[in-house]
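**Student:** Since the structure of chain A is already known, use the hints to place chains B and C with the ligands on it.
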Amino acid sequence: MSAQNDTPETSGETVKLLIDGVEIPAREGQTILEAAADAGIYVPRLCYREGLPPGGHCRICTVKVNGRPTSACTFPASEGLVLENNTDELNTMRRQVVEMLFVEGNHVCPSCEASGDCELQALGYRLGMIAPQYPYQNTTRELDASHPDVMLDRNRCVLCGRCARASRELDGKSVFGFEGRGIGKRIAVNASHGLAGTDIDAADEAVAACPTGCLLVKRQANLIPVGKRTYDKTPIGTDVEA
Amino acid sequence: MVETDVVNRIVQQFGGDRTRLLDMARAVHAELGHISEETVAALAKALDVPRVEVRDMVSFYAFFFREPHGTNVIYLCHAVVERMQGADDIARALEEATGTTFGASDPDADITLRYTSCIGLSDQAPSALVNGVPVTNLTVDDVPELVAALRGGRDITRLRQAQVGNDVRTAGQVIFAPTERGAAVRKAVTMTPDAIIEELNVARLRGRGGAGFPTAMKWKFCRQAKEDVHYVVCNADEGEPGTFKDRAILALQPNLVFGGMTVAARALGARKGILYLRAEYEYLLRDLESELDKRRHLGLLGDNICGCEGFDFDIRIQLGAGAYICGEESALIESLEGKRGAPRARPPFPVEHGYLGKPTSVNNVETLCCAARILVEGGAWFADIGTKDSTGTKLLSVSGDCTKPGVYELEYGLTVLQLLERVGAENAQAVQMGGPSGQCLARKDFARSISFEDLPTGGSVIIFGPERDLLEAMRQFTAFFAEESCGWCAPCRVGTTLLEKCLQKILDGKGTFSDLEALETLGETVKTMSRCGLGQTAANPILTTLRNFPILYADRVRSDDGVMAFDLERAKEECCSVAGRAPATGEETP
Amino acid sequence: MAKPRLATGHFTGCFGCHMSFLDIDERILELVELVDFDKSPINDKKRFDQPVDIGIVEGGVSNDENAEILRDFRKNCKILIAMGSCAITGGVPALRNTMPLKECLEEAFLNGPTIGEGDGLIPNDPDLPVLLDKVYPCQEFVKIDYILPGCPPSADTLWAALTALLSGEEPSLPYELVKYD
Ligand SMILES: Cc1cc2nc3c(=O)[nH]c(=O)nc-3n(C[C@H](O)[C@H](O)[C@H](O)COP(=O)(O)O)c2cc1C
Ligand code: SF4
Ligand code: SF4
Ligand code: SF4
Ligand code: FES
Chain A
1337 MSAQNDTPET
1347 SGETVKLLID
1357 GVEIPAREGQ
1367 TILEAAADAG
1377 IYVPRLCYRE
1387 GLPPGGHCRI
1397 CTVKVNGRPT
1407 SACTFPASEG
1417 LVLENNTDEL
1427 NTMRRQVVEM
1437 LFVEGNHVCP
1447 SCEASGDCEL
1457 QALGYRLGMI
1467 APQYPYQNTT
1477 RELDASHPDV
1487 MLDRNRCVLC
1497 GRCARASREL
1507 DGKSVFGFEG
1517 RGIGKRIAVN
1527 ASHGLAGTDI
1537 DAADEAVAAC
1547 PTGCLLVKRQ
1557 ANLIPVGKRT
1567 YDKTPIGTDV
1577 EA
Chain B
265 MVETDVVNRI
275 VQQFGGDRTR
285 LLDMARAVHA
295 ELGHISEETV
305 AALAKALDVP
315 RVEVRDMVSF
325 YAFFFREPHG
335 TNVIYLCHAV
345 VERMQGADDI
355 ARALEEATGT
365 TFGASDPDAD
375 ITLRYTSCIG
385 LSDQAPSALV
395 NGVPVTNLTV
405 DDVPELVAAL
415 RGGRDITRLR
425 QAQVGNDVRT
435 AGQVIFAPTE
445 RGAAVRKAVT
455 MTPDAIIEEL
465 NVARLRGRGG
475 AGFPTAMKWK
485 FCRQAKEDVH
495 YVVCNADEGE
505 PGTFKDRAIL
515 ALQPNLVFGG
525 MTVAARALGA
535 RKGILYLRAE
545 YEYLLRDLES
555 ELDKRRHLGL
565 LGDNICGCEG
575 FDFDIRIQLG
585 AGAYICGEES
595 ALIESLEGKR
605 GAPRARPPFP
615 VEHGYLGKPT
625 SVNNVETLCC
635 AARILVEGGA
645 WFADIGTKDS
655 TGTKLLSVSG
665 DCTKPGVYEL
675 EYGLTVLQLL
685 ERVGAENAQA
695 VQMGGPSGQC
705 LARKDFARSI
715 SFEDLPTGGS
725 VIIFGPERDL
735 LEAMRQFTAF
745 FAEESCGWCA
755 PCRVGTTLLE
765 KCLQKILDGK
775 GTFSDLEALE
785 TLGETVKTMS
795 RCGLGQTAAN
805 PILTTLRNFP
815 ILYADRVRSD
825 DGVMAFDLER
835 AKEECCSVAG
845 RAPATGEETP
Chain C
3 MAKPRLATGH
13 FTGCFGCHMS
23 FLDIDERILE
33 LVELVDFDKS
43 PINDKKRFDQ
53 PVDIGIVEGG
63 VSNDENAEIL
73 RDFRKNCKIL
83 IAMGSCAITG
93 GVPALRNTMP
103 LKECLEEAFL
113 NGPTIGEGDG
123 LIPNDPDLPV
133 LLDKVYPCQE
143 FVKIDYILPG
153 CPPSADTLWA
163 ALTALLSGEE
173 PSLPYELVKY
183 D
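These protein sequences, in sequence, are chains A, B and C. Once you know that position 48 of the first sequence is 1384 in my numbering, the rest is easy, because the numbers rise by one and skip nothing. Once you know that position 384 of the second sequence is 648 in my numbering, the rest is easy, because the numbers rise by one and skip nothing. Once you know that position 73 of the third sequence is 75 in my numbering, the rest is easy, because the numbers rise by one and skip nothing.
Here chain A stands alone, though its shape is the one from the complex (with noise of 0.2 Å):
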């Protein structure tokens, strides 16, 4: 898989973007999202995590550069770039694309272990969705808890593909993979029956990874009070733009 996953090389030239209309600096081949980050300036994602390549799935990162939709968790950055980003159209249609995740997979958010903390959740509440337009999808999904501190609730999977990138960049294993196409694909793993068949590990980067409530830890759920969890007072992106 690694062609798809090659970080855009970086010159390390300084280029100038306009982003809604504000000059920021940029590092020639930088992702466009990182040079936003770098300037305050947030881009909604969700398959994007700092330090791993960019997986270009969520498409919630969605910018129109020059006027043409893309990702900007994969673009590059060059001089002169006219970019779209926080608009009422886009934010629109992140809204849907978020809730077409919720409808997706099998999201209650009341009984889940990650609420309050979960990324997904919280691009809801950032973009507006109060509840998702869809119709549930309510597809059977399985649920592996084979192994002794690990869970993996594929009901809460968004198909980000970060446990992947996460195990096989930072901590050298392989534990997932994907499996199957279209609305059947589905998160594997590396055994033949379930998580206990692997050497994933409690601390690996791969749990930390995820940004929903599919990949938990055992045995640390609701140790946060309501009202101190991170998303609960404080809007997601808003470390970014501090």
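Honestly, the hints are just simulated from the structure, not real lab data. All residues carry an ideal CB built from backbone N, CA and C; glycine is no exception. Possibly wrong hints are sitting among the right ones.
[Stated by the list, open to error] Listing some non-contacts, in silico: residues in chain B with all C-beta distances to chain A over 12 Å:
| hint | residue |
| --- | --- |
| 1 | Arg-356 |
| 2 | Gly-476 |
| 3 | Phe-485 |
| 4 | Val-640 |
[To be verified] Interface residues of chain C toward chain B, partial, derived using beta-carbon atoms under 8 Å:
| hint | residue |
| --- | --- |
| 5 | Arg-73 |
| 6 | Pro-128 |
| 7 | Glu-142 |
| 8 | Phe-143 |
**Tutor:** Using the frame of chain A, we list chains B and C with the ligands on its own:
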């Protein structure tokens, strides 16, 4: 274990080269009949890669069975045109004759029935692939004989229906004119690479695969990419429903295709070429291989081609395994590298970073034929044909409600109406131009011209007669995209399914005007947010009919009184049956 | 001028949203000043006998009776509000949606750990509502005008939304008050 032995032998055969995993999996599948989890593990072990990586690949392709299945496999084509021509009747007859249902095998595991999307035989529909052998123009009466032949172990290639007609209805000057084997290559060796590219530039040749990118420019970028190795790839994955023109070229003019690839090699400085052939066209492989052999004998391939010192080039054919998305050039390259056919992020583009990371020019079969012809006849000759921005001829695959379906080679600039007159379809209600990913045209559009400047097309032209339920066809197109979405990105993976369900709801008479608005908004979102051409065009059947046939939709929706049409009776069925209660009667669903 | 009429309904949920509603504490006195209560589990009025301005429903739709009453709400309420995760998404009861109803019923009434060998019976009294194959959100049955997320929505959320609507404004909730859990 047998599996391990087979796997190890096959992996050896391919030199243990991880990038040939698709070939290995195909070979293993052919021998063992399916690829079990044990086989996946054995492949992973033999290649020393994580098993999740092997499973990732084999679980992607439609033609890989993961479970044991019947000795014989019938893939009945279930695309829109085939269903218009009676594929559903054939399906019922097959189920009756075999005693099984689609998606399953008969009790003796003798015959497995499966549906598949367009197999490139829409001009001879209904059609099927039976153990890889194409059978065409099927009637319900043919079915018992076919099934009996399979059960009796007889050679099905002898069946009357086991033939593909490749008659070209209209042959033009470029593709189907007579050719002399090797003419283009002999010309190419006398020219510098720059001169070859300049000739295409003079011809103003644009790619025939859909996007219409100027071929000279693509070759120039590829040539300029500073790398020691360059690749030429011919895209013969032809999967757009209703397209079959590349099939006709591959069957009738393979020399022109390989000639074009060799010309490209000369222009790019490539030493290796690959023709990516969709699995559905495996039956063409033998003749294509023998054409390659002939060319090697004649010195048109191999070392020092045509005596030109240092011009070494050869071609291999890579078979796919059932995935429309592999026609997208970067997905095709991933597939060539033995991976799932997921498109890549761009930039970088294949001309810089393609097969095995090297500069690669991916060209459509027809484009390469044009290039070969241009070398022989000259760029100016070619530029004289067609219109200003659309030079040359275009192959059209015409199917659906017309009296003369088939392949037509016509000059660009022809109007839709002129085409309809020629193919016997003047009374058409609508024309799907460019296949499902193109646009659905209404009569008001019939004066428009087929050309890059007005109506670009990859070649698929599907005609709908006045009686057809157009929206049902659009639903089937949308279902096709949902089926073929690679699943990499969220808007296409989920959005295509939601689009299909929303349209289904409207067709069931349960939609309201607000559902029509929702359908359009969703379509625009899928189009804007998706990662590659598949998702970006998947909403076109819906979006273009919403625009061109609004009345058809308005007729199907009910007024909005705040109460949705919900099929309560259906939702109650399961409980009634489990609890042994009489299904409640009469509850009216609005 | 007559006070606006308010009705509340309860389907497949845990009554938590209604409890949260009561959590507005002393503000309930203010509310009584502002509205007349119509049909509601709080007062046990069973039927609509006149048009209602605002209807608020809790819980998803899991049986035919829920569906019928919800439709009745829609017909009788000018503004219909779905309150809480269960009404909006099916919520916790919708956890059963990923398995066949047959399995749920068999587990509950035939094979469950508290059921003696051979004692099980899946209830089939004709007076019981018939379960639906899935638990559905209210908006799959009727048009919903406003949605108040939360499990339950906090008393502050409900209060903010309701007072806005009563004074003829669009409810717009601050970040802290929109929560799916
Ligand atoms: C979903 C999808 C399917 C495609 N299928 C084909 C195909 O079957 N054949 C083809 O030549 N091009 C196909 N293309 C276009 C290719 O990506 C590429 O543009 C083309 O092969 C370039 O060749 P050309 O320049 O000769 O047109 C497809 C594109 C997409 C997005
Ligand atoms: S993973 Fe996130 S969105 Fe999904 S149920 Fe859990 S908290 Fe909600
Ligand atoms: S398990 Fe988590 S990290 Fe992995 S793909 Fe699913 S949501 Fe993403
Ligand atoms: S648009 Fe569809 S086919 Fe293309 S990358 Fe996304 S999921 Fe795959
Ligand atoms: S963050 Fe860019 S596509 Fe997901």
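**Student:** Look at each hint and say if it fits the structure.
**Tutor:** Against the structure, the hints come out as follows:
{"no.": "1", "hint": "Arg-356", "result": "holds (26 Å)"}
{"no.": "2", "hint": "Gly-476", "result": "holds (17 Å)"}
{"no.": "3", "hint": "Phe-485", "result": "holds (16 Å)"}
{"no.": "4", "hint": "Val-640", "result": "holds (37 Å)"}
{"no.": "5", "hint": "Arg-73", "result": "holds (6 Å)"}
{"no.": "6", "hint": "Pro-128", "result": "holds (7 Å)"}
{"no.": "7", "hint": "Glu-142", "result": "holds (6 Å)"}
{"no.": "8", "hint": "Phe-143", "result": "holds (5 Å)"}
Consistency with the previously given hints is maintained throughout, with no hint failing.
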